[in-house]
Structure formats: structure tokens, C-alpha cells
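K.L.:
Model the placement of chain B on the given structure of chain A, informed by the hints.
Number of protein chains: 2
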Amino acid sequence: MLRLPPGHEILVTTDFSLEGLHFRRDWHRPESIGHRCLARGLSDIAAMGGQPFAVFLSLALPSRLAQAWVRRFTAGLLELAERYRVPLAGGDTAQSPSGILADIVVVGSVPKRRAVLRSGARPGDRIFVSGELGGSAAAILEMKKGSRLGVERSSYDRHFFPEPRVGLGQALRKRGLASAMIDTSDGLSTDLSHLCEESGVGAELFAHGIPRAHVGKGKLPVHLDLALHGGEDYELLFTVRPGRVVPKRIAGIPLTEIGRITRRQTMLLRSGDTTVQRLVPHGWQHFRR
Amino acid sequence: MLRLPPGHEILVTTDFSLEGLHFRRDWHRPESIGHRCLARGLSDIAAMGGQPFAVFLSLALPSRLAQAWVRRFTAGLLELAERYRVPLAGGDTAQSPSGILADIVVVGSVPKRRAVLRSGARPGDRIFVSGELGGSAAAILEMKKGSRLGVERSSYDRHFFPEPRVGLGQALRKRGLASAMIDTSDGLSTDLSHLCEESGVGAELFAHGIPRAHVGKGKLPVHLDLALHGGEDYELLFTVRPGRVVPKRIAGIPLTEIGRITRRQTMLLRSGDTTVQRLVPHGWQHFRR
Chain A
112 MLRLPPGHEI LVTTDFSLEG LHFRRDWHRP ESIGHRCLAR GLSDIAAMGG
162 QPFAVFLSLA LPSRLAQAWV RRFTAGLLEL AERYRVPLAG GDTAQSPSGI
212 LADIVVVGSV PKRRAVLRSG ARPGDRIFVS GELGGSAAAI LEMKKGSRLG
262 VERSSYDRHF FPEPRVGLGQ ALRKRGLASA MIDTSDGLST DLSHLCEESG
312 VGAELFAHGI PRAHVGKGKL PVHLDLALHG GEDYELLFTV RPGRVVPKRI
362 AGIPLTEIGR ITRRQTMLLR SGDTTVQRLV PHGWQHFRR
Chain B
112 MLRLPPGHEI LVTTDFSLEG LHFRRDWHRP ESIGHRCLAR GLSDIAAMGG
162 QPFAVFLSLA LPSRLAQAWV RRFTAGLLEL AERYRVPLAG GDTAQSPSGI
212 LADIVVVGSV PKRRAVLRSG ARPGDRIFVS GELGGSAAAI LEMKKGSRLG
262 VERSSYDRHF FPEPRVGLGQ ALRKRGLASA MIDTSDGLST DLSHLCEESG
312 VGAELFAHGI PRAHVGKGKL PVHLDLALHG GEDYELLFTV RPGRVVPKRI
362 AGIPLTEIGR ITRRQTMLLR SGDTTVQRLV PHGWQHFRR
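Top to bottom, those sequences are chains A and B. Quick note on numbering: the first sequence equals residues 112 to 400 in our numbering. Quick note on numbering: the second sequence equals residues 112 to 400 in our numbering.
Since the hints were made in silico from the structure, they are not lab data. Errors might be hidden in some of the hints.
Identical copies carry no separate label here, and so any pair may be met within one copy or between two of them.
[What the hints assert, rightly or not] SDA-like cross-link-like pairs, simulated, lysine to any residue; straight-line CA separation at most 25 Å:
{"hint": "1", "residue 1": "K328", "residue 2": "D268"}
{"hint": "2", "residue 1": "K359", "residue 2": "E253"}
{"hint": "3", "residue 1": "K223", "residue 2": "M112"}
{"hint": "4", "residue 1": "K359", "residue 2": "D268"}
{"hint": "5", "residue 1": "K255", "residue 2": "T386"}
{"hint": "6", "residue 1": "K328", "residue 2": "R229"}
{"hint": "7", "residue 1": "K255", "residue 2": "M112"}
{"hint": "8", "residue 1": "K330", "residue 2": "R182"}
{"hint": "9", "residue 1": "K223", "residue 2": "S209"}
{"hint": "10", "residue 1": "K328", "residue 2": "G201"}
{"hint": "11", "residue 1": "K223", "residue 2": "L113"}
{"hint": "12", "residue 1": "K255", "residue 2": "S174"}
{"hint": "13", "residue 1": "K255", "residue 2": "G201"}
{"hint": "14", "residue 1": "K256", "residue 2": "P208"}
{"hint": "15", "residue 1": "K223", "residue 2": "P198"}
{"hint": "16", "residue 1": "K223", "residue 2": "P117"}
{"hint": "17", "residue 1": "K223", "residue 2": "R114"}
{"hint": "18", "residue 1": "K330", "residue 2": "L379"}
{"hint": "19", "residue 1": "K285", "residue 2": "L113"}
{"hint": "20", "residue 1": "K256", "residue 2": "Q206"}
{"hint": "21", "residue 1": "K223", "residue 2": "L115"}
{"hint": "22", "residue 1": "K223", "residue 2": "A200"}
{"hint": "23", "residue 1": "K255", "residue 2": "Q206"}
{"hint": "24", "residue 1": "K328", "residue 2": "P353"}
{"hint": "25", "residue 1": "K285", "residue 2": "P222"}
{"hint": "26", "residue 1": "K256", "residue 2": "A165"}
{"hint": "27", "residue 1": "K285", "residue 2": "M112"}
{"hint": "28", "residue 1": "K223", "residue 2": "E120"}
{"hint": "29", "residue 1": "K285", "residue 2": "R114"}
{"hint": "30", "residue 1": "K285", "residue 2": "G231"}
Note that the structure is predicted; figures quoted are calculated from it, not measured.
Okay, chain A solo, but in the shape it has when bound (with noise of 0.2 Å):
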């Protein structure tokens, strides 16, 4: 049983997290894939300013799963739980007639009628984003080229250990700053076109404003492509409305403006004073190979 505050209502996200498609068990610690799955629920109550205050988790294992691989797993996604003081309240567990399927339940919790939804972007709207963009992906390449980067805390750690920008997104709604907000875990152009669609508007994004994640022992930036269509760093992209004041950081993550919604129904990506592109929403394929 769960006790809502006075004046508030319910919000419920699911999210699975599956073996193959969202994690391999040969790339990923299983601290990493208990967080993850944790962090993937966390985000989406952020991306409506929600609080969350309760987890629910199915989980359904393989019978000749190591003992050790649960307890890791469980202590991942109770480490990020304890951080945001969410109890784990209850959940299912099955067999798995194949692979490791969990699917994580976050309740949470926000003032009525005051959730920041999709469907609030208007023509004009100034867009924006927070932390860096494509480096979850590009930690997924670098594994699919062999490289075993899972095993230490490294520069990777927005793929193995994303934080849900839970306090920014609650500042966002305070200030009543956000007019509409998503998180980015298919990646910024799916994404993007979801706020979109809901809003029944268009966008225009600058390709160089694009915060792109400094990755691997030389910090390099990554590429635009997986700054625009790699999934899961679970940032939140949201729109502002003209002539309101964004403060450089919240909270000190950093916020970026890298565009403007249209009136016309579609999204384009404009290089430079000239160059104007479709952008096409193009999901990141997670781990498909």
C-alpha cells in the first residue's frame, strides 16, 4: 500500500530491460544492468518533473542462473534506489524459459495537473538539452569492435551507470520552465519527433549546437550521428517558451539550447547558415547486430 501526498496524482512508468536488446551479459556487470534497469524507469518520471517513491520489479531468470548474478544485479539497482530513496515495494519473478528479462515499475508522484507532458510545444518554443548526447552509443560501438569496456568505472559511465536527471526535472517544473519535456532513451531525433507528434508541431535543431559527449581516454567528442541518434543517455530535451531566461546549469548539470520548434510538421537539421536537412527519426538499434 502506498500513500499519496495530498494534492497530488499518480504516475506510472514500465519499462523493460531484455537480454540481447538492452544488455549482454558478456558486455555488461551485473551492477550495470541492475542500475540501468532502474535508471530507465527513474528517467521517465523525470522527463514529467514527477518524484518517484516506490519500485515494483518482474523478473524473470534463467534456472541456471549464478546465484552471484542476481545478488549483484539486485545490489546495483538497490544502490541507485537507496541514492533516490525509492523503496523496492514488491514485483514477480518467474522462470525464464530464455535469457534475463526484467521489467521495472516506477510510481511516482507530482502536484495535480502539473506534470510536464509531450503534448506542450508550441511554434517558437526554444529547445533544449541537457548533459552530453551520444556517448551510451558510442560505448556500444566501441564493444561491438571488441573492446571489454564494462569492467571499471571509465568514461563510459553515461552507458553503464546513466544518473536520471530526476532533481533537474523537477526544477524544470517548478520554475515552470519546461513547456514540454521527453527523456532521451531512443535518441534525440526519435525522441524529438515523439514531443513532436504530440505537440503537433515541427523542429529545427542546429547541428553544431548539439552537446556531443567527450568519450574514451582521449576525451574526443563523438560523432553527430550518435549524438543525434543514439539512445539511452537518458538526458531531457525539452522546449521553452520565448523570452524565458535558461540558466547556463540547473542543478549543475549543464543546459543547451539546440533549436526551435515549427509550425511546420517536420524536423530539420540546419549546418551552418545555408546547409538545411531533413532529419529523419532514426531509432537506435540498441544492440542488434
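P.N.:
For chain B alone, kept in the frame of chain A given last:
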């Protein structure tokens, strides 16, 4: 966003329905799989005396699955959802690495501090069960022998289209009749052991009193073992303080007294006046071959 009735608290249940574990495509029509998927969740809410008010479905599907299968699955699920006036409020979809995977989340409500728990049974309480037991397991047994039962609605409906006891659960809560309650999803012996464990008590069942399902053309009662251990009947198993009068039926559903709660923390099965044996929880292994 969901609004909770004032003075209520939230109930959240999650239940997997996994191909090969909870259903088989060659045994179950898509409509039946969708119906059973939701019935599992509604039954959990029923067992707490709650009112379901929203459903979230996470569904992972193999890439080669026919669109018609999904349409029929959804139709089966929605038919049940509409009957209980529970909107499908969201969820997640993914491509499954293997087999159909569904996770159903049902959000319900109950007046504050009024949920019926598993932990409320006391020595001397009488044990009741709704409906009949073993019908679902009997259907699986027939299908294991090679019978095709799923083609039309039949005497095996308790397997293919189980009716969650939502109204009954609420009636038992409102009348203050049930001191503890659980649904028979894993089978009487297993679910009773959960109730006993959480209440810190034991139980004694009367073998002759257990209502056995009548199945097949001859409408013959199932074997006692199926009624004791067969799961997925989704009846309500509850305890009642001594001296309280329990009607023979509530909302048309028969209620049968099948035993009593004991102080000694073991489960016994009494047959006739003199024979007593240990009742070992013996979970139904669903479809394992």
C-alpha cells in the same frame, strides 16, 4: 496521470505472463492469453479487497509474430478490462529475443488502512475458498495428453477465461469478514502456505470439504490432488474469525469452509475422522514438461 479517490491508498501489482511458462501458442487462443494476462493482475487486487483503476501492459513480441495475433490478444485483454471499467493507461513495447513476454501492472485503490492482508489470520479462524478448485490444472492435464480444448468456450472456461473475483473481494472487505486473504494463483497448498507464513500460523484442511471443479463432458469432479495443488484458478482463499456468519454465496459465487487456522505452524490434511497427513506446499509447475 491517475487521480486517487480521497482517503484511499494505492495498490500496485505486477505479473508476468511468459510463453512456455504461463501459456503456449498451440494450446491457447490469443484472446485467452490476453484475458488470462489481465486476470492475473485483477485477481491480485481482488485478494486485497481493492478496486482496480488502471492497467499498464509491457509486451515484448518476436519480430515474426503475425499482426493478427497481437490484435486478438489485445481484444481478449480489453474485453476483460472494459467489463471491469479499467482503462489500459500505458505500458512499454519491445522486440522479444525469444517468445512472447507480457508483464501486466494493475493499479488499484482501497480505503486507507483497509486492505485485506495475508498476515491477518489468527489461530481458531476458519478457512474458506470461493468457487471450485483444480479446473484450470485439469485443462492443462488434458492438453498434455493431446486434447485441443481452446477452440471454443467450454467446461474448461476456468482455465481459458478465468473470472477474477473483484466484486467478491470487495464485499468481503466491506463486510469485515476476511481476516486474511490471498488468491489461488499458485495452487491451494502453496497459497495457503504463504498466508500461514505471513500470519505466523498453521492450518488444518478437511479433504472432503474442498470444492473440486467439475470438468469435461461428464462434468466429473477433478482428482483431489489437482484441487489441492493445481494453480491458476484465481479463486479467493480467506480466513474468518470464529463466530462470524458467512453466507453460502456472495454475488452468486459459492463460499465453502475448508479448514481452520492452528497455532502450530504446520499444514495438515484431515481425511475422515482419524487420518491426518502433512500437507506439503507443492506448487503447480504450470507447463513444465
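K.L.:
For each hint, tell me whether it holds in the structure or not.
P.N.:
Quick rundown of the hints versus the structure:
no.	hint	result
1	K328 x D268	within (13 Å within a copy, 62 Å between copies)
2	K359 x E253	neither (31 Å within a copy, 67 Å between copies)
3	K223 x M112	both (20 Å within a copy, 9 Å between copies)
4	K359 x D268	within (23 Å within a copy, 62 Å between copies)
5	K255 x T386	neither (33 Å within a copy, 65 Å between copies)
6	K328 x R229	neither (37 Å within a copy, 55 Å between copies)
7	K255 x M112	neither (44 Å within a copy, 39 Å between copies)
8	K330 x R182	neither (33 Å within a copy, 48 Å between copies)
9	K223 x S209	neither (42 Å within a copy, 40 Å between copies)
10	K328 x G201	neither (41 Å within a copy, 41 Å between copies)
11	K223 x L113	both (17 Å within a copy, 9 Å between copies)
12	K255 x S174	between (28 Å within a copy, 22 Å between copies)
13	K255 x G201	neither (35 Å within a copy, 33 Å between copies)
14	K256 x P208	between (30 Å within a copy, 22 Å between copies)
15	K223 x P198	both (23 Å within a copy, 19 Å between copies)
16	K223 x P117	both (9 Å within a copy, 13 Å between copies)
17	K223 x R114	both (15 Å within a copy, 8 Å between copies)
18	K330 x L379	neither (29 Å within a copy, 67 Å between copies)
19	K285 x L113	both (24 Å within a copy, 20 Å between copies)
20	K256 x Q206	between (33 Å within a copy, 24 Å between copies)
21	K223 x L115	both (11 Å within a copy, 11 Å between copies)
22	K223 x A200	both (24 Å within a copy, 17 Å between copies)
23	K255 x Q206	between (29 Å within a copy, 20 Å between copies)
24	K328 x P353	neither (39 Å within a copy, 72 Å between copies)
25	K285 x P222	within (10 Å within a copy, 30 Å between copies)
26	K256 x A165	neither (38 Å within a copy, 44 Å between copies)
27	K285 x M112	between (28 Å within a copy, 17 Å between copies)
28	K223 x E120	both (5 Å within a copy, 16 Å between copies)
29	K285 x R114	both (22 Å within a copy, 20 Å between copies)
30	K285 x G231	within (16 Å within a copy, 42 Å between copies)
Hint compliance for this structure: hints 2, 5, 6, 7, 8, 9, 10, 13, 18, 24 and 26 are broken, all remaining hints hold.
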